[in-house]
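Protein chains in written order, with the numbering used here: chain A, 1 to 352; chain B, 1 to 530.
There may be inaccurate statements among the hints.
Said to hold, decoys possible - Pairs of lysine-lysine residues, derived as DSBU-like cross-links and limited to a Cα-Cα distance of at most 30 Å, are as follows: (1) A/LYS314 x B/LYS283; (2) B/LYS278 x A/LYS247; (3) A/LYS175 x A/LYS321; (4) B/LYS316 x A/LYS65; (5) A/LYS158 x A/LYS211; (6) B/LYS278 x A/LYS321.
As the list claims (entries may be wrong) - Estimated spans, in silico, between C-beta atoms of each pair: (7) B/LEU15 x A/GLU47: 34 to 44 Å; (8) B/VAL310 x A/GLN164: 37 to 47 Å; (9) B/ASP324 x A/GLU252: 24 to 34 Å; (10) A/GLU214 x B/GLY14: 53 to 63 Å; (11) B/VAL310 x A/ASN95: 45 to 55 Å; (12) A/LYS279 x B/TYR391: 16 to 26 Å; (13) A/GLN325 x B/GLY135: 38 to 48 Å; (14) A/GLU282 x B/LEU53: 51 to 61 Å.
As the list claims (entries may be wrong) - Computed from the model, here is a short list of chain A residues facing chain B with C-beta under 8 Å: (15) GLU57; (16) PRO97; (17) GLY185; (18) ASN213; (19) VAL217.
Note that these hints are calculated values from the structure, not bench results.
Fair warning: this is a prediction, and the values are worked out from it, not measured in the lab.
Don't be surprised by glycine CBs; every beta carbon is placed ideally from N, CA and C.
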Amino acid sequence: MKRRKLLSLLGLAVTTGGVAIACSNNPTPNAQTSPSATTAANSTTGEELVIYSGRDEKLVGPLIKKFEAETGTKVRVRYGDTAELTAAILEEQKNSPADVFYAQDPGALGALQQANRTTKLPDAVLAKVDDRFHSPTGQWVGVTGRARTVDYNTDLVKAEELPQSIFDLTDPKWKGKIGWAPTNGSFQAFVTALRVTEGEEKAKQWLEGMKANEPKVYPKNVPIVEALARGEIALGLVNHYYLERFKLENPEAPVAHHFTGDAGSMVNVSGVAILDSAKRPELAQKFVAFLLDNEAQNYFATETREYPLADGVKVASSNLKGLDQVQTPKIDLASLSDLDATLKLLQSTGVL
Amino acid sequence: MASGPPFFLTLAGGLVAIAIALPLAYLVFRTSGIGAEQMWTLLSRPRTLTVLLNSAGMAAAVTLLSALIAIPIAFLTLRTDLPGRRSWLIAATLPLAIPSYVGSFTLLAAFGPKGSGLQLLLEPLGIQELPSIYGWPGTLLALTLFTYPYLLLSVRAGLQGIDPALEEVARSLGRSPWATFWQVTLPQLRPSIVAGGLLVALYALRDFGTPSLMRFDAFTRVIFLQYKSSFDRTSASLLALVLVGLVLLILWLEYRVRSRAKYYSRAAAVRRSPQLVKLGIWKWPALLFCAAIVALSLVLPFAMTIFWLVRGWLAKVDMLAPTDLLHIAFNSIAAAGLAAIAAILFALPVAILSVRFPGRITTAIERCSYIGFGLPGIVVALSLVFFGANYLPWIYQTLPLLVFAYLILFLPQTVGTVRSSLLQVNPQVEESARSLGRTPWQTLREITLPLVRPGILSGTVLVFLTAIKELPATLLLAPIGFKTLATQIWQATENISFAEAAAASLAMLLVSAGSTLIVLAQDQARIAHR
Numbered sequence: 001m002k003r004r005k006l007l008s009l010l011g012l013a014v015t016t017g018g019v020a021i022a023c024s025n026n027p028t029p030n031a032q033t034s035p036s037a038t039t040a041a042n043s044t045t046g047e048e049l050v051i052y053s054g055r056d057e058k059l060v061g062p063l064i065k066k067f068e069a070e071t072g073t074k075v076r077v078r079y080g081d082t083a084e085l086t087a088a089i090l091e092e093q094k095n096s097p098a099d100v101f102y103a104q105d106p107g108a109l110g111a112l113q114q115a116n117r118t119t120k121l122p123d124a125v126l127a128k129v130d131d132r133f134h135s136p137t138g139q140w141v142g143v144t145g146r147a148r149t150v151d152y153n154t155d156l157v158k159a160e161e162l163p164q165s166i167f168d169l170t171d172p173k174w175k176g177k178i179g180w181a182p183t184n185g186s187f188q189a190f191v192t193a194l195r196v197t198e199g200e201e202k203a204k205q206w207l208e209g210m211k212a213n214e215p216k217v218y219p220k221n222v223p224i225v226e227a228l229a230r231g232e233i234a235l236g237l238v239n240h241y242y243l244e245r246f247k248l249e250n251p252e253a254p255v256a257h258h259f260t261g262d263a264g265s266m267v268n269v270s271g272v273a274i275l276d277s278a279k280r281p282e283l284a285q286k287f288v289a290f291l292l293d294n295e296a297q298n299y300f301a302t303e304t305r306e307y308p309l310a311d312g313v314k315v316a317s318s319n320l321k322g323l324d325q326v327q328t329p330k331i332d333l334a335s336l337s338d339l340d341a342t343l344k345l346l347q348s349t350g351v352l
Numbered sequence: 001m002a003s004g005p006p007f008f009l010t011l012a013g014g015l016v017a018i019a020i021a022l023p024l025a026y027l028v029f030r031t032s033g034i035g036a037e038q039m040w041t042l043l044s045r046p047r048t049l050t051v052l053l054n055s056a057g058m059a060a061a062v063t064l065l066s067a068l069i070a071i072p073i074a075f076l077t078l079r080t081d082l083p084g085r086r087s088w089l090i091a092a093t094l095p096l097a098i099p100s101y102v103g104s105f106t107l108l109a110a111f112g113p114k115g116s117g118l119q120l121l122l123e124p125l126g127i128q129e130l131p132s133i134y135g136w137p138g139t140l141l142a143l144t145l146f147t148y149p150y151l152l153l154s155v156r157a158g159l160q161g162i163d164p165a166l167e168e169v170a171r172s173l174g175r176s177p178w179a180t181f182w183q184v185t186l187p188q189l190r191p192s193i194v195a196g197g198l199l200v201a202l203y204a205l206r207d208f209g210t211p212s213l214m215r216f217d218a219f220t221r222v223i224f225l226q227y228k229s230s231f232d233r234t235s236a237s238l239l240a241l242v243l244v245g246l247v248l249l250i251l252w253l254e255y256r257v258r259s260r261a262k263y264y265s266r267a268a269a270v271r272r273s274p275q276l277v278k279l280g281i282w283k284w285p286a287l288l289f290c291a292a293i294v295a296l297s298l299v300l301p302f303a304m305t306i307f308w309l310v311r312g313w314l315a316k317v318d319m320l321a322p323t324d325l326l327h328i329a330f331n332s333i334a335a336a337g338l339a340a341i342a343a344i345l346f347a348l349p350v351a352i353l354s355v356r357f358p359g360r361i362t363t364a365i366e367r368c369s370y371i372g373f374g375l376p377g378i379v380v381a382l383s384l385v386f387f388g389a390n391y392l393p394w395i396y397q398t399l400p401l402l403v404f405a406y407l408i409l410f411l412p413q414t415v416g417t418v419r420s421s422l423l424q425v426n427p428q429v430e431e432s433a434r435s436l437g438r439t440p441w442q443t444l445r446e447i448t449l450p451l452v453r454p455g456i457l458s459g460t461v462l463v464f465l466t467a468i469k470e471l472p473a474t475l476l477l478a479p480i481g482f483k484t485l486a487t488q489i490w491q492a493t494e495n496i497s498f499a500e501a502a503a504a505s506l507a508m509l510l511v512s513a514g515s516t517l518i519v520l521a522q523d524q525a526r527i528a529h530r
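Chain A extracted, bound-state conformation (with noise of 0.2 Å):
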């Protein structure tokens, strides 16, 4: 009687597993509609890119689906942190499925060039953006910028009271007020460029100063802008679009971006490499000067708002600033892969 049961539950189990199993055979199990089936039948190669993107399916999934119907090939993607799947492709070595990497920061595809596992890109797809937004050896080129800012809640902090510099942030008054994510990737890089653009001393100074006014800590720049909205903190270091998105679902939230013009409004991008071990390069070499059209890189503009990094492309939010109007310092941002230094600095202040 009771093994009966038991071994009823185990077979339940089993069978919806088996089915699990049969499922999981088919390619596109989810929501991967009929456009991509169709060119998927119509493709006559058979050809399939396998695409590892640290970026969000809700955000490139769209523009994927587009490349598929347009050049008649199957895409593949793993979703996944841009940090973890660095990681994984370094263990994969050269049997990574991956044809490409679409990562988030540039941070980890200066890891990937670093550990020789990038090709070099066409000329033709490098000089579609400024020289400062790809590797200058042409391992990697950015698709969309970034750009760091200082939002604010706007029912805490009237527009002159704002910091004209990311060093006014040191000042007492701020005291406890300020929100910042010193694990996140992008703020690492933020520290790498004040490393840069102003030398170690000032960077540790600025770093002290922050410390003792007291930042609040925060995993990510999303509950950062959270906490903005709460009203728990008046200014947060964040990029600039996760407000453009969190208003989305707010757009009552009483908070407002500042650039202040120096390493505080830095613009970094979102990347992608072709790796070494490839086994479609030409189908990637595609992809990659897909993102750079301007069909693309409008839908960025529009969709993901992001700055879009091809010339001649527009900005389409309306409270945002052009990108040739957000003043930001000259800096490499292949330098900004290198984040052993700045790690350092940051444990050594006890920030991290």
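Given the structure of chain A, go ahead and fit chain B onto it with the hints provided.
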């Protein structure tokens, strides 16, 4: 021939040993490249020591607090006339289905210093800011509220395995119910308490969501940082090895603490329902206690989730179609269900070997099966990425490898519950079956399995509930395009869509609740049948 363990047990035990060895081999291999000097620099940093102490303190405190919640609830719901006791038991088990990142997030939304539900409620009284929940208090609160069910399930299985005759004898000798509990019941529960407590401690160590949201410097957070900010796999592996050291220390402590006394008293597979303790006036505080725990650990996250869902729905946020959500839920059920089956299939041999054939090797296998559970998911995932992509490319990123990852991560949850159930079974029962001509296989099927059923059921629920919310291994090792509710919640939060995260969280809660109900109902039906 008769003295050694049967072949099928040894085979399964050996496979488990290999599974355990993989992540460890990977960590040692990754760390071997590091120079002695660099190793020492990293290990001797004051921060490394702080993190070590933080993690150890956190694990100890969470375990203690969980015991203070789980043992009373288990006793109240199984042994007293508490009104609605079965519903309380199920409600108190369900927080296990709430991912720590979701749970911590709702706690912050409710009790955060500013702008949280509680602060807004108190604002008319002039309270502008609440005392900070970040750091120790929030971490302990969140981890305790969402991990005590490990202890609850384990203690529940233990209570069900106790022969009521022992307690009846104590009562008939004039002991009060209270004295009976302390002198007879609690000592019998020791293996279950220790086994469940071990799971709580290790879960606290390996959890990432809570320390990161509560801004608490625990080991997992530092290991993650190493990957995230410098892509430094070597240093991360070294830190993970230090964590393995801490896990081994905890395993050794548990080994010392758990008594090797015999707990069985049953002569046969007969089980009777014990007499219920009458609570009398104590009914009210007991109800209040259960209600408070369930309110914080289940109702609050549930209510916040529904609130976010409705808010997003009203704001007309673009959401996933219900059919897609259903499909994703089905993926989750399948992966977690297969993990639960695999865990039982391998936990049984390991538990039987360690209890019935104790020896250095069997004990080592049983102890070491816990290591994977104490390690951050990303470490185990990367070790399988390394071995899978380079040595087993034909199963790399397929469902079987994902299930294997779950097995490494969650096996001890079943080993622990089965083991404590098995300790309550008198080996003489099995021996007489053998002497009556049954083969070892028949003995296992006809005698042992039915007797350790409570442990198997608890283990199934545990593995299912934890596997369904697992994230890092699922992200890296699942077949491309295989979405689960956990990856869906993660994507939605990355994309700042609270409404969509809420929809997936709600689906996860419903699936978990449903499966828990089915398993527990089977058990209740069996008891009622007698």
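Hint-by-hint comparison with the structure:
1. A/LYS314 x B/LYS283: The hint is violated at about 68 Å.
2. B/LYS278 x A/LYS247: Outside the cut-off at roughly 56 Å; violated.
3. A/LYS175 x A/LYS321: holds, 29 Å
4. B/LYS316 x A/LYS65: Holds, at roughly 24 Å.
5. A/LYS158 x A/LYS211: holds, 24 Å
6. B/LYS278 x A/LYS321: violated, 71 Å
7. B/LEU15 x A/GLU47: 34 to 44 Å: At roughly 38 Å between Cβ atoms, A/GLU47 and B/LEU15 fall inside 34 to 44 Å, so the hint holds.
8. B/VAL310 x A/GLN164: 37 to 47 Å: For A/GLN164 against B/VAL310, whose Cβ atoms are near 42 Å apart, the range 37 to 47 Å holds.
9. B/ASP324 x A/GLU252: 24 to 34 Å: holds, 30 Å
10. A/GLU214 x B/GLY14: 53 to 63 Å: holds, 55 Å
11. B/VAL310 x A/ASN95: 45 to 55 Å: About 47 Å separates the Cβ atoms of B/VAL310 and A/ASN95, which means 45 to 55 Å holds.
12. A/LYS279 x B/TYR391: 16 to 26 Å: Between A/LYS279 and B/TYR391, where Cβ atoms are some 19 Å apart, the hint holds.
13. A/GLN325 x B/GLY135: 38 to 48 Å: holds, 41 Å
14. A/GLU282 x B/LEU53: 51 to 61 Å: holds, 55 Å
15. GLU57: holds, 6 Å
16. PRO97: holds, 7 Å
17. GLY185: holds, 6 Å
18. ASN213: Interface hint status for A/ASN213: violated (16 Å vs cutoff 8 Å).
19. VAL217: holds, 5 Å
Hint check: violations occur at hints 1, 2, 6 and 18; the rest are consistent with the structure.
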